[in-house]
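**Student:** Sequences and hints are given; from them, build the entire structure.
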Amino acid sequence: MAERLRHVWWRDTHWRSILAQGLVLVALAAIAAWLAHNAADALTRRHVASGFGFLEHTAGFSISQTLIDYSEEMSYGRTLWVGLLNTLLVSAISIVLSTILGFVIGIGRLSSNWLVAKLCTVYIETLRNIPLLLQILFWYFGVLATLPVPRESATLGHWLVLNNRGVYVPEVMFQRGWQVVAFVSILGIVGAALVRRWAARRQQLTGERPATWWATLLLVVGLPIATLLAMGVPFSLSLPELAGFQYEGGLSINPELAGMTVALSIYTAAYIAEIVRAGLLSVARGQREAAEALGLTRGRVLRLVLIPQAMRVIIPPLASEYLSLTKNSSLAIAIGYPDLVSVFAGTVLNQTGQAIEILSITMAIYLALSLITSGLMNWYNYAHRAEGIA
Amino acid sequence: MKLRSLVLGLVAAVVLAVPASANTLDNVRKNGFVRCGVSEGQPGFSNPDAKGNWTGLDVDYCRAVAAAIFNDPSKVRFVPVSFAERFTALQAGQFDILSHNTTWTMDRDVAQGLEFIGVDFYDGQGFLVRKSLGIKSALQLKGATLCTQTGTTSELNAADYSRAHNLGYKVIVYQKASEYIAAYDAGRCDGATTDRSGLAGDRLKLKKPDDHMLLPETISKEPLGPAVRHGDQQWGDLCRWTLFAMINAEELGVNSKNVDQMMNSASPEVRRLLGKEGGFGAELGLTADWAYRIVKRVGNYGEVYERAVGQGTPLKLPRGLNNLWNKGGIMYAPPIR
Chain A
1 MAERLRHVWW
11 RDTHWRSILA
21 QGLVLVALAA
31 IAAWLAHNAA
41 DALTRRHVAS
51 GFGFLEHTAG
61 FSISQTLIDY
71 SEEMSYGRTL
81 WVGLLNTLLV
91 SAISIVLSTI
101 LGFVIGIGRL
111 SSNWLVAKLC
121 TVYIETLRNI
131 PLLLQILFWY
141 FGVLATLPVP
151 RESATLGHWL
161 VLNNRGVYVP
171 EVMFQRGWQV
181 VAFVSILGIV
191 GAALVRRWAA
201 RRQQLTGERP
211 ATWWATLLLV
221 VGLPIATLLA
231 MGVPFSLSLP
241 ELAGFQYEGG
251 LSINPELAGM
261 TVALSIYTAA
271 YIAEIVRAGL
281 LSVARGQREA
291 AEALGLTRGR
301 VLRLVLIPQA
311 MRVIIPPLAS
321 EYLSLTKNSS
331 LAIAIGYPDL
341 VSVFAGTVLN
351 QTGQAIEILS
361 ITMAIYLALS
371 LITSGLMNWY
381 NYAHRAEGIA
Chain B
1001 MKLRSLVLGL
1011 VAAVVLAVPA
1021 SANTLDNVRK
1031 NGFVRCGVSE
1041 GQPGFSNPDA
1051 KGNWTGLDVD
1061 YCRAVAAAIF
1071 NDPSKVRFVP
1081 VSFAERFTAL
1091 QAGQFDILSH
1101 NTTWTMDRDV
1111 AQGLEFIGVD
1121 FYDGQGFLVR
1131 KSLGIKSALQ
1141 LKGATLCTQT
1151 GTTSELNAAD
1161 YSRAHNLGYK
1171 VIVYQKASEY
1181 IAAYDAGRCD
1191 GATTDRSGLA
1201 GDRLKLKKPD
1211 DHMLLPETIS
1221 KEPLGPAVRH
1231 GDQQWGDLCR
1241 WTLFAMINAE
1251 ELGVNSKNVD
1261 QMMNSASPEV
1271 RRLLGKEGGF
1281 GAELGLTADW
1291 AYRIVKRVGN
1301 YGEVYERAVG
1311 QGTPLKLPRG
1321 LNNLWNKGGI
1331 MYAPPIR
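Protein chains in written order, with the working numbering: chain A, 1 to 390; chain B, 1001 to 1337.
Keep in mind that the hints were calculated from the coordinates and are not lab data. There's no promise every hint is true.
Stretches of chain B that chain A covers, calculated by requiring three or more beta carbons in the stretch to come under 8 Å of a beta carbon on chain A [as the list claims (entries may be wrong)]:
#1 1085-1097
#2 1111-1117
#3 1122-1128
#4 1160-1166
#5 1224-1234
#6 1275-1284
All C-beta atoms in this analysis are idealised placements derived from N, C-alpha and C, irrespective of residue type, glycine included.
**Tutor:** Set out below in structure tokens:
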């Protein structure tokens, strides 16, 4: 009897757990469907427009920073892209800057130099403990208040113009034939990398590293310059000029982007510094001592021995910092930076009143960004895992 | 704020999903107060003073509704809400009336679930600039950068005007009134733009208000008025006729000081307004002396206007369009009969 009972499928724990999970999933889906249906029904009864048709409608408002072609006659759907690209721009720049700064501060906090270590500690403890929004407002209004008006700009000829509308630098305009120069430059860099690999192999085989600096110089600098001259310099410069109320031409970084970038980078760097410190401290003491015993310089101990091993500990929490940074960029609206939340979940939501649709799209985009970032970081972590070390 | 708006959106999704009771007046009676959505601080319209007392035109309108229902203008809970969140919050049932310098537009009226009950202030969008620029017209602002606030009609109006006159304005949009005016004050923008009444109030927040001036252009029609949720006709009627009663009272010369004598007036119009003739309160769910209570406890439209934004206030806004139709303005209420 007991023998037969075990063969009945609903007594099998494996099938039972699949059944239970299936039921929970169905229940969740039913609740979601009920909520969606009820919301749609309530919206219709209250004469609130619904659906995604609004994405095709004309936007009619201007955006102060656009990375792609945009004008008021374009659609709400287009503003979504403009906002998204602005979010990606400020996040990408801040991720790079905060990583560099975070590594410097994190390593500095472990320095044997008392002053450097204390300064880094003060940096971390101060900036981690002040709310980010306050820091954003501080950098934005603090910097704005100290900069001159456009007519009294601080200038270095036409090469650098600084005023409270932004930083202006000359913009390189591409002329016919620039692709050749770019292609040759890339070839040069690839060539230099190959030379380096060859030198490393020689070093492994013979213990001696052949001097490669002259080849690198020739490939990375000499070759592109020669091509540039041969092609008759296919570039021109657009210089910033005062026109009416502000400078026109050249490449400009407006105070909103600058304020956001500075605040996000400085704030996130404090967290990254602690992650770096934790990573470095996780490397066994003997590793450093052994490296020092081999006579490696301090820089090389760090670069060749400690950091590569520390990276395994550093990468996973670093990925979460990147995710937070991207999501924190949605505070941009406070200082008028036109990011996704400001443009799409702000202005567009207001013009159309379609809160549910717009917030769903916005949340889906942030979710996708986060999943892509963490996917990339997981891939990097997998590619750099320690093989053969338990 | 973004988190708040996300949460608000979700709350809206859930609250909208629950069929709300259609009868707002019953709910208000049960609560014992009117919930009124107002701005987060707009001098002259809805602004808390140092002691936390709200003052302004939008605020006094809500007090008038409370006086009509409860005979007590203090039976109001003010709910400050940002420009960007106000419609969602009204739809989600966070308050019963939205009295928030809101421009009556077609899209808001027909597609956003709102019902505008009238106009309590005729406004228009203007420009605030530094006197030192030495310009006399908005048309001279070619290529200028303008600061404004999100969630308003101002963004669209500035873009329309710029397109119509080929001015190439660059508009920077801030979340809060305090931020857009601070950025303008810091020199980020050549001009600030929003409704003229708003600019008059915001100018006072600048470090040196006298160094700034309003340009003469009015680039849009901004009929500001209270709104309620679409679908509760009785509540809409009550709110609409509260406003009309205030305007009619001014036209008939009835104010908070003389309203008791006016009860003995022989004028049939005054007698109908104050409930001595006809039974106009009953259809609103109120007693016959509903308008008497409004005028007695809060005042007529002119009194409220002077107290909020008139010559005795820092704003000093002239009546202009907001004067009665028979005194050179366009403020006009249908008769009570």
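**Student:** Each hint: holds or not?
**Tutor:** Hints, one by one, checked against the model:
Remark: the region 1085-1097 of chain B is confirmed as covered by chain A, as 3 of its residues place a Cβ nearer than 8 Å to a Cβ of that chain, reaching the required three. With a cut-off of 8 Å between beta carbons, the region 1111-1117 of chain B has 3 residues touching chain A; three or more are needed, and the interface restraint holds. Here's how the region 1122-1128 of chain B fares: 0 of its residues keep a CB closer than 8 Å to some CB of chain A, so the rule of at least three is not met and the hint is violated. For a cut-off of 8 Å, the count of residues in the region 1160-1166 of chain B with a CB near a CB of chain A stands at 3, and the three-residue condition holds.
With 3 residues having a Cβ less than 8 Å from any Cβ of chain A, the region 1224-1234 of chain B passes the three-residue criterion, so the hint holds. Check result for the region 1275-1284 of chain B against chain A: violated, 0 residues qualifying (beta carbon to beta carbon below 8 Å, three or more required).
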